[in-house]
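> Quick note on numbering: the sequence shown equals residues 189 to 464 in the numbering used here.
Hints were generated in silico from the structure; no laboratory data involved.
Here the structure is a predicted model, which means the values were calculated and not measured.
Backbone N, C-alpha and C define an ideal beta-carbon position, used for all residues, glycine too.
No farther apart than 27 Å at their CA atoms in a straight line, the calculated lysine-lysine pairs in the DSS-like style are these:
| no. | residue 1 | residue 2 |
| --- | --- | --- |
| 1 | Lys333 | Lys261 |
| 2 | Lys302 | Lys440 |
| 3 | Lys338 | Lys388 |
| 4 | Lys333 | Lys226 |
| 5 | Lys440 | Lys316 |
| 6 | Lys402 | Lys388 |
Label pairs and their in silico Cβ distance ranges:
| no. | residue 1 | residue 2 | range |
| --- | --- | --- | --- |
| 7 | Met288 | Pro423 | 24 to 30 Å |
| 8 | Gly439 | Gly387 | 27 to 33 Å |
| 9 | Ser221 | Val291 | 15 to 21 Å |
| 10 | Glu301 | Asp229 | 40 to 46 Å |
| 11 | Gly223 | Ser385 | 32 to 38 Å |
| 12 | Val392 | Glu321 | 32 to 38 Å |
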Amino acid sequence: MAKSQSKKDKPVEGANMPIPYEDVRDWLNVVESMGELKRIDGADWNLEMGTLAELIYRERSGTIPALLFDRIKGYPEGSRILFGQHCSYRRLALAAGLPMDSVGLKLVNRFKEKLNRLQPILPRIVKKGPILENQMAGDGIDLLKFPVPKIHELDGGRFIGTACIAVTRDPEEGWLNLGTYRAMVHDARSVGLFMSSVGKHGRVHMEKYFRADKPCPVILCVGQDPLLLLAAGNPIELGYSEYNYCGGIRGKPFDLVEGEVTGLPFPAQAEIAIEG
189 MAKSQSKKDK PVEGANMPIP YEDVRDWLNV VESMGELKRI DGADWNLEMG TLAELIYRER
249 SGTIPALLFD RIKGYPEGSR ILFGQHCSYR RLALAAGLPM DSVGLKLVNR FKEKLNRLQP
309 ILPRIVKKGP ILENQMAGDG IDLLKFPVPK IHELDGGRFI GTACIAVTRD PEEGWLNLGT
369 YRAMVHDARS VGLFMSSVGK HGRVHMEKYF RADKPCPVIL CVGQDPLLLL AAGNPIELGY
429 SEYNYCGGIR GKPFDLVEGE VTGLPFPAQA EIAIEG
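Kindly generate the complete structure, drawing on both the sequences and the hints.
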C-alpha cells in the first residue's frame with residue numbers, strides 16, 4: 189500500500205468509462221489511429237524542434253496534432269520527443285475517459301460532472317515495471333544520452349522537464365504531490381528543478397525540508413500517462429494525492445515502484461525517472 193494516503197482517501201470501486209491505453213506508448217498508437225499524431229524525423233534538438241512546433245501550432249487551423257520527433261540529430265532512432273499531448277479536445281477527452289464527442293463546453297461540463305462523482309482509487313506498489321528495465325547509477329549516469337531539447341533561443345539551456353511530473357512527499361504529514369515544474373539539464377549528471385510559485389504544493393514540501401536543514405527528495409518523471417501530467421499541472425486540494433485522484437478518473441489504480449534512493453513511488457510505466 190502506498191504511504192501517501194490522506195485520511196480523506198478511501199479505496200472504492202469506481203464506475204468509469206474505460207481508458208483504452210496503459211502507458212504513453214499505447215496512447216501514441218491510439219492518438220495516431222485518431223489521426224491526431226504527426227511524426228517528424230531528422231530535426232535538431234537545438235532550437236529546431238521548438239521552432240517547428242511553434243510554426244505548426246501557430247499556422248495550423250482545425251485540430252492541432254501531437255508532434256512526435258524521432259531520428260533527432262546526434263541520437264539513435266527511437267530516442268523520441270513528444271510535443272502537444274493535450275492540445276486538442278479529443279486528446280483531453282481520451283485522457284479523462286470521456287466520449288470522443290466531448291468538445292468545448294460539452295467537455296467542460298462532462299469533466300465537471302465526472303469530478304463531482306469522483307471517488308479516489310489508491311495506487312498499488314509493485315516490485316517490477318518497464319521503467320526498471322534500463323537503469324543508470326553513479327558514474328554511469330549520463331542525462332545527455334537523451335535528446336533533451338533547447339526549445340527557445342533565450343532559454344538558459346536544455347529542458348528535460350516541461351511535460352514532466354515531479355514527485356515529492358510532505359516530510360511532516362506524509363502525503364505525496366505531483367507537480368509540473370521546469371527542469372533544466374545542467375550537465376550529464378545534474379538537473380535544476382524550478383518549483384516556481386509560492387504556495388505550490390511541491391514548493392510547500394521543499395520549504396519544509398529546507399527549514400529543517402534537510403535536502404528535499406524528489407523524483408522527476410518524463411513520458412508518463414498523460415492523465416498524470418494533466419492532474420499535476422492543475423490545482424488539487426492540499427493534502428490530496430494526484431495518484432488517488434487519477435486512479436478515480438480512470439477507474440483503476442496506478443502501478444507505482446518505489447525509488448531506491450528516495451523511497452518515493454513513481455509510475456511503473458513511465459519512460460524516464462530521475463531520482464535524487
